[in-house]
Amino acid sequence: MKTRPQLKTIDRRNDDIGEATRLELYRRQVEIRDCEQRAYELFLQNLVKGTSHLSLGQEAIAAGFAQAMEPGDLSFCTYRGHAHTLARGVPMEQVLGELMQRDNGLMRGKGGSMHLTSVKHGVMGSYAIVGAHLPIACGAAWRAQYKGDRDVSVCFFGDGTTNIGAFHEALNFAAVWKLPVIFVCENNLYMEYTPIGSVTAVEHPAADRAASYGLERIVIDGNDADIVFRTARQAYVRARAGKGPSLIECMTYRHSGHSRADPAKYRPPGELEDWLKRDPVKLYRRRLLDFGMDAAAIERIEQDSKRQLDAATEACKAAPPPPADILTTDVYADGGWAWRN
Amino acid sequence: MAELTYRDAVARGIAQEMARDPDVVFLGEDVAGAGGVFKATVGLLEQFGPKRVRDTPISEQAILGAAMGAAMTGLKPIAEIMFSDFLAVCFDYIANEFPKSRYMSNGQVKCPLVVRTGNGAGSRFGAQHSQSVENWAMMIPGLKVVAPSNPRDVIGLLAAAVRDPDPVIFFEHKSLYGMKGDVPDGEIVDRLGTATIARPGGDATVLALALMVPRALEAAEILAREHGVEVEVIDLRSLVPLDTRAILGSLARTGRLFTVEENPRLCGWGAEIASIAADEAFWDLDGPIVRITTPHIPLPAADNLEDMILPTVPRIVDTIRRGLKA
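So the sequence lines, in the order shown, correspond to chains G and D. All residue numbers for the first sequence refer to our numbering, where the first residue is -9 and numbers rise by one. All residue numbers for the second sequence refer to our numbering, where the first residue is 88 and numbers rise by one.
These are calculated hints, taken from the structure and not from any lab test. The structure presented is a predicted model; accordingly, all values stated were derived computationally and were not measured. Careful: at least some of the hints might be erroneous.
Distance condition first, Cα-Cα at most 25 Å in a straight line; then the derived PhoX-like pairs of lysine-lysine [what the hints assert, rightly or not]:
| # | chain 1 | residue 1 | chain 2 | residue 2 |
| --- | --- | --- | --- | --- |
| 1 | D | 138 | G | 168 |
| 2 | D | 197 | G | 137 |
| 3 | G | 39 | D | 138 |
| 4 | D | 197 | G | 110 |
Where chain D lies over chain G, by a calculated footprint (3+ residues, C-beta under 8 Å) [said to hold, decoys possible]:
| # | stretch |
| --- | --- |
| 5 | 158 to 165 |
| 6 | 286 to 300 |
| 7 | 311 to 320 |
We treat Cβ as the ideally placed atom computed from N, Cα and C, and that holds for glycine.
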């Protein structure tokens, strides 16, 4: 592949992000894109069971935030949580294994696609009841504040969440207690199947509510990983400095339907095509080349991702289903399920 | 030994645990500055400071969600939901979040917290501030459910709940807050899942919980004095874990089983216990299992009407007497 000429307008010495970080941002996006696409293919082969909610088109948000985190920072995700889980470094095999409900899955098939959790990676859970995890993220942030821990909790959610009570309770609570928590709205324009604008009193469902909680109104291009990364970095600095929560609305678009059952026929003609022109992964690749970065390094990232993905897929296909003996484990902290003597 | 009210026992129990463990924190509406609407948490703010004893907005989802996030990451929160009826507005946490996170994450996530809540009737507050909803919590796998009937047990069971690694819903009875009882000095710690024999007797087993325990005990006195019937009153103390051994052990001695339940009849806790007894102790039964419950209707506010529908001492006496043909 030919390297594009470096743009004259870009002064790389003053680049606040840097080459190594940009390659990481790209790597995370590519891995998420590949893994989500593979999840869809595996679903078509009837190998991904249950439901699944893909983040195709929304990769830059997961990549940008994960890149801005420090080890120990905590992520709280929704049922559309594969991207954020992968972005924290959870191996593809464990994610796909959980989607395929195999014994090698992240939770050995006990949680499923909507509940990806990897505490050791800081992924404190994916929550399938809309809004539930915003107050939970507040609680984790409260612990950090109480104990003087340095970590910050981030909570990702969709635009539809902004109309549920828990969203408003959590924002007020976090603001009043000045908690080190970052609320990230991934506004992909649709709450499930309904345009968010047709069911929300304001144009920007998250940002236009920020003032109610004394917070800054922040709307960013969620398809640009650099912008996401910069915004995230500022929010982390603010949270670690004890200045309280941030609410960030990232404009984006999902390339697929709400869930695997949804062909997304409600979209006006041309909308998807317009957004595909702003595909975050392609945009970012072009930018790396515009920066004059080594095409070989970019291709290596892409090849590594494919290699990882193929190995993960084969491992999952070969993995057995979970054994019956885990059916009744971990209901209670003693490891079992006994509710009586 | 000191005489303490049930109300003061709540504060003493919380204080005992907060003094022992700096990770124990306490949050809820009006709990700090005001000392609780039932005055059950007076003095805690002064003793432990505003960092550990925190007033919240009227945001039950935020209260329980924050308690969960804190519990998952290393604290041992005690959260207050003022009236147990309000569990309905934050039921997601009770039903979906606290009890399922450990299982769904294949054991990765822990949730050691206590939700204290004012339960039960007797204050003439009507249908949305008087319910007994212990059966709402009992039906959910992953929760533990506790309901003390006296000041000593408030402290001992609260301590056990705080130290328990699982989420515990702790039902305090509003009509018991003024009850006085002897409480030993020093630390009190109970074990969850242990019923106590509140009064021994050989003619019938009477199971009760919370406010129904003193009522069952009063009924037992009348039955003994006026009808020559000696019933054994068992205070269940926790519904989950359930001390089935104590229940069936008593039934094996008496041959008859009565429940006295404040929760409404349908799917009340006694139904589950009746089913266990029928399955596992059928041949110990000398007669039908009888459930004495609140009927399947909302609670009225008027005092005479409320008194008519809760299990009262005369109703308990009559039902047991008729059941035993005494």
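Evaluated hints:
no.: 1; hint: D/138 x G/168; in the structure: holds, 13 Å
no.: 2; hint: D/197 x G/137; in the structure: holds, 18 Å
no.: 3; hint: G/39 x D/138; in the structure: violated, 46 Å
no.: 4; hint: D/197 x G/110; in the structure: holds, 13 Å
no.: 5; hint: 158 to 165; in the structure: holds (count 4)
no.: 6; hint: 286 to 300; in the structure: violated (count 0)
no.: 7; hint: 311 to 320; in the structure: holds (count 3)
When the structure is compared with the earlier hints, violations turn up for hints 3 and 6 and for no others.
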